[in-house]
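Trainee: From first to last, the protein sequence lines are chains A and B. So the first sequence is numbered by this note's numbering: it starts at 1423 and just counts up by one. So the second sequence is numbered by this note's numbering: it starts at 10 and just counts up by one.
Hints were generated in silico from the structure; no laboratory data involved. A hint or two may mislead.
Under 8 Å between C-beta atoms, here's a sample of chain A residues computed to sit facing chain B [unchecked claim]:
(1) 1443
(2) 1461
(3) 1463
(4) 1536
(5) 1658
(6) 1664
We treat Cβ as the ideally placed atom computed from N, Cα and C, and that holds for glycine.
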Amino acid sequence: MITTELPDRPTPTETKRPLGERALRVVGVLAVVGVVATVWLGLWITPEDQFMGNLVRLLYIHPPMAWVAFLAYGLSFLSSLAYLWPRTRSAIWDRLAGASAEVGVVFTGLTLVTGSIWGRPTWGTWWTWDPLLTTTALLFVLYLGYLAIRHVPGTDEVRGKRNAIAALVAFVDVPVVYFSVYLWQSLHQTPSILNIETRKTTVHGSMAWTLLLGFCSFTLAFIWLVAQRYRLAGLEAREESFGLEIALAERRLEGGR
Amino acid sequence: MNGYVIGGYLVVLLSLGTYALFLVGRLRASRRRLSATFPGLDERGPEETGSST
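Please put together the full structure from these sequences, using the hints given.
Mentor: Here it is, written out as C-alpha cells:
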C-alpha cells in the first residue's frame, strides 16, 4: 500500500458533514426503536384475529416489506429518469438508483419469504402460481437482472444510460404487481388498508396502529440502508476513479527502488 | 406463539440486521483503503466534490 497526495484533494470544509451524519444517525436510531416496538406490539400486545388467529401477526411485517420494496423501486425509477434527463444528468442519480434498487431487492425477497411463511398454514402451500405472487417473483428477478447489468463494463455515460433504461424497463412490473389482485382472480387478498375498490380499511384499533408503526419503522430503515449503500457506492466510485492513479504511483515507487 | 409467526419475524430481523452489518463493514473497509492511500479524502463521488479524476 502506498500513500500519495491527491492533486485535487477536498478542502476540510468539504470533508465534514456533521448535520447529514447526525440526521442519518437519528434516522437509524428511530428505525431500530420503531422496529423493536413493532415486534413487541405485533407479537405480544395486539389481539389474535377471529379468522386468522395468531397468523395475523405476520401481517404487521409482510405489507410493510412490500410497501418498502415499491418505495425503493419508485425512487430508483425517479432517479433513473433524472439521470436520463440531460439537464439533471449526474452520476449521483445513477448511484441513488442502484442503491435504492439493491435495498428494494432485499425487501422484495423478504416480502416473498414472509408471504410464503404466511401462505403455508393459511393456504396449505408454501408457493402457488397466483398472479400477485408470480408478478412479485418476476419483479425480484427483474431487479436482480438490473443489479447484474450495473456491473457490465463500459464508459461512465454508456453504463449510466444502460442502467437507467434497465431500471425503467424493470419498473413496468411494479403497477402490474399492485393491480394484479384487482385485475385477475387472485388467491391473495386485496389490501386491508386503502383498498381502491371498496375504499374501506378493514384493520382497526391496536392492529391498525401497529401496522402503521410497521410501515413507518421499515420506511426509516429503508432510508438508512439506502443512505449507507449510496455512501458505499460513492466510495467505490472514488476507488475506481483513483485506481489508475494508485497503480501508476505504485509503479513509480517500484521503478525508484 | 405460532412457529410460523416467530419464523417470519426472525427471518426479517436477521436478514435486515445482516444486510445492515454487511453494508457498514464494506463502508469501513472501503474508507480504510481510501484513507490509507489518500489521507483526508471524503467519501463522496468524484462529481460531488468537483474532482476531475
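Trainee: Give a verdict on every hint.
Mentor: Evaluation of the provided hints:
1. Of the supplied interface hints, the one on residue 1443 of chain A is violated, with its beta-carbon coming no nearer than about 11 Å to a beta-carbon of chain B, more than 8 Å.
2. Taking 8 Å as the C-beta cut-off, the interface hint given for residue 1461 of chain A holds, the closest approach to chain B being about 6 Å.
3. The beta carbon of residue 1463 of chain A comes no nearer than 12 Å to any beta carbon in chain B, farther than 8 Å, and the hint placing it at the interface is violated.
4. Proximity of residue 1536 of chain A to chain B holds as hinted, the smallest CB-CB distance being about 5 Å (cut-off 8 Å).
5. For residue 1658 of chain A, the shortest C-beta to C-beta distance to chain B is roughly 7 Å, which falls under 8 Å, so the interface hint holds.
6. Because the closest C-beta pair between residue 1664 of chain A and chain B is about 6 Å apart, less than 8 Å, the hint holds.
The structure does not agree with the numbered hints 1, 3 stated previously, though it agrees with the rest.
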